[in-house]
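Let chain A serve as the given structure and place chain B on it in line with the hints.
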Amino acid sequence: MSALLQIERLSVTYNLNGRALPALQEVDLCLAPGEKLGLVGESGAGKTTLASAVMGLLPRGATVKGAILFKGQTLSSPLLARLRGREMVLIPQNVYNSLNPVFSIGQQMEDLLVKAQLPRQKRQQLILELLGKVRLPRPQELPGSYPHQLSGGMKQRILLAMGLSRSPSLVLADEPTKGLDPVRRMGILRLVKELVSRNGQSLILITHDLKAAVYLCDTVALMYRGELVEIIPASCLLTAGLHPYTRALLAAAPERGLAIPACGEGPPSPAAVQGCPYSLVCPICLPACRKKKPPLFSVGPGHMVRCGKVA
Amino acid sequence: MHKLTFRAAALLLGLLVIIALLGPLLTPHDPFSQNLDLRLAPPSGKYWLGTDELGRCIYTRLLLGTRYSLLIGVVVVTVNALIGTLLGLFIGYGPKGMDSAVMGIIDILMAFPGMILTLAVAGILGPGLLNMIVALTLLGWVNYARFVRGMVLSLKEEEYVENARMLGLGQATILFKHILPNCLGSLLVYASMNMAGVILMAAGLSFLGLGIQEPYPEWGAMLNKGKNFLRAAPHLAIFPGLAIMLTTLAFNLLGDGLRDRLQGEGEVFLIKSEKG
Chain A
2 MSALLQIERL SVTYNLNGRA LPALQEVDLC LAPGEKLGLV GESGAGKTTL
52 ASAVMGLLPR GATVKGAILF KGQTLSSPLL ARLRGREMVL IPQNVYNSLN
102 PVFSIGQQME DLLVKAQLPR QKRQQLILEL LGKVRLPRPQ ELPGSYPHQL
152 SGGMKQRILL AMGLSRSPSL VLADEPTKGL DPVRRMGILR LVKELVSRNG
202 QSLILITHDL KAAVYLCDTV ALMYRGELVE IIPASCLLTA GLHPYTRALL
252 AAAPERGLAI PACGEGPPSP AAVQGCPYSL VCPICLPACR KKKPPLFSVG
302 PGHMVRCGKV A
Chain B
11 MHKLTFRAAA LLLGLLVIIA LLGPLLTPHD PFSQNLDLRL APPSGKYWLG
61 TDELGRCIYT RLLLGTRYSL LIGVVVVTVN ALIGTLLGLF IGYGPKGMDS
111 AVMGIIDILM AFPGMILTLA VAGILGPGLL NMIVALTLLG WVNYARFVRG
161 MVLSLKEEEY VENARMLGLG QATILFKHIL PNCLGSLLVY ASMNMAGVIL
211 MAAGLSFLGL GIQEPYPEWG AMLNKGKNFL RAAPHLAIFP GLAIMLTTLA
261 FNLLGDGLRD RLQGEGEVFL IKSEKG
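Residue numbers (this note's numbering), protein chains in the order written: chain A, 2 to 312; chain B, 11 to 286.
Take these hints with a grain of salt, some might be off.
Computed, partial: chain B to chain A, Cβ under 10 Å [said to hold, decoys possible]: (1) Leu-14; (2) Thr-15; (3) Glu-169; (4) Ala-174; (5) Gly-178; (6) Leu-179; (7) Pro-191; (8) Ser-196; (9) Leu-198.
Calculated from the structure, these hints are not laboratory results. Virtual Cβ for every residue (Gly too), placed ideally from N, Cα, C.
One chain only, chain A, in its complex shape (with noise of 0.2 Å):
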């Protein structure tokens, strides 16, 4: 089956008043159709740039290198410009800031199907139809209200809402769950899962929680200042993680006893470390990871590793 999306020797470099800050460093991805991919990571790690840098939403001055392949064809500016919103969508991860605050949002819902040139009557059906697959309460009293009178998990419902409009075939959501409480989250977390496994489309999931991600995922690639660490199928990530930073990640876990991770915060850029960025802190560190970064080797099926150690 031939890729979705497809991440060759990603580098992103941002510009920092005349000073070089690598965000991505070659990182290599691959997502089939219908995959679900977990990425996961501390914050900084290079998770958002990494969405960001597919969806062709980098800020001024960001440097890409290597290639971005969507169902076969290189993104440049103008595709890109195409499947926005069409076939590839990103679910923001401030739900509070993200709709417009002086338009209602069958205003904003009306925007996105304008282009689909249907009559006004059947927009607004539309509409309905898509607050109520999002399982909105009362969904025909929402299209008049406007952003400051919903809540912070509606809001996200809408967001949702919105970016499934035009069934794209790759969904990015950074963080759809931030903010919200834990009853609330799960309730997302279970519709994203719903809506998405229904029209068998792609994902990306970027979060902070390796429980969310083993819970929607297939697969969960782990990402430490820039580079990906370990990839690895959800099913096995909290019992066969190999990588020392994804058992420290899982170590973390509350239930496990909160052990903060000795991640550190390392050298002032992951550019002037030679060898592996994480060993400056890791436990195993071999003589030689300090001289030369280890490659992504295969340990098993779909399950890939970054460490001198293991290999």
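Same frame as chain A, but now just chain B:
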């Protein structure tokens, strides 16, 4: 208290608009007919605000003058706001090179003393209503462009704008449906305060003889005439002066009131009219 001043300002402005529209119907006198027997007559039952040096009813002339002042204010502010807003939107949202280039020109224009340029242009073009409007719009748009550009720069980083981009909305839709409507509130506050400045400036130009000419009654020109009779008949200068003051005060209070309503109380919001 805030609400009260806002309402008072809105009421006063409503009244001014009615006067501007109905003007001549509210008085039995003709604003142009002279009665030399009644020169410089003080306020009386017949002539509520007295008469001027040619025996014309000051009350009637003030009513008609409202038209000119409001017309100049509305036209100048609308034209300035339109030009400045469109330009501000494009330079704020467009490529950085264009922004730097246009902002360079705007900075040069702002370094030029506006009053002197306006006076010079009004002097070159000659007196008259249209020429005065041209002189006032020549540099007036600059502040709007700067103001809107600043707002666009911050609004385009807002998450709902980012979200609109991710949902595949076109640039024009994002600019005019997501960024512009969010500028409008502050723009309205700025425009209402600017209106006061423009009316004051227009009165100033007429006072200097560069605006509307006799026999048409413009408040600034009336004030200019009145200054010659300050000792003998102070009412000639006092009433046009009061009219100018009340109108600018009303627009400033309206701006304050709008700001409080649109921005929420207690929020510091730095907008000050350059001239008002």
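Taking the hints in turn, this is what the structure says about them:
1. Leu-14: violated, 27 Å
2. Thr-15: Violated - the Cβ of Thr-15 of chain B stays beyond 10 Å from chain A, reaching only about 26 Å at its closest.
3. Glu-169: Cβ of Glu-169 of chain B sits 4 Å from chain A, so the hint holds.
4. Ala-174: Holds, because the Cβ-Cβ distance from Ala-174 of chain B to chain A comes to roughly 7 Å (cut-off 10 Å).
5. Gly-178: holds, 2 Å
6. Leu-179: holds, 6 Å
7. Pro-191: Pro-191 of chain B check passes; min Cβ-Cβ to chain A is 5 Å, inside 10 Å.
8. Ser-196: At 12 Å from the nearest chain A Cβ, Ser-196 of chain B fails the 10 Å test, so the hint is violated.
9. Leu-198: Violated, about 13 Å.
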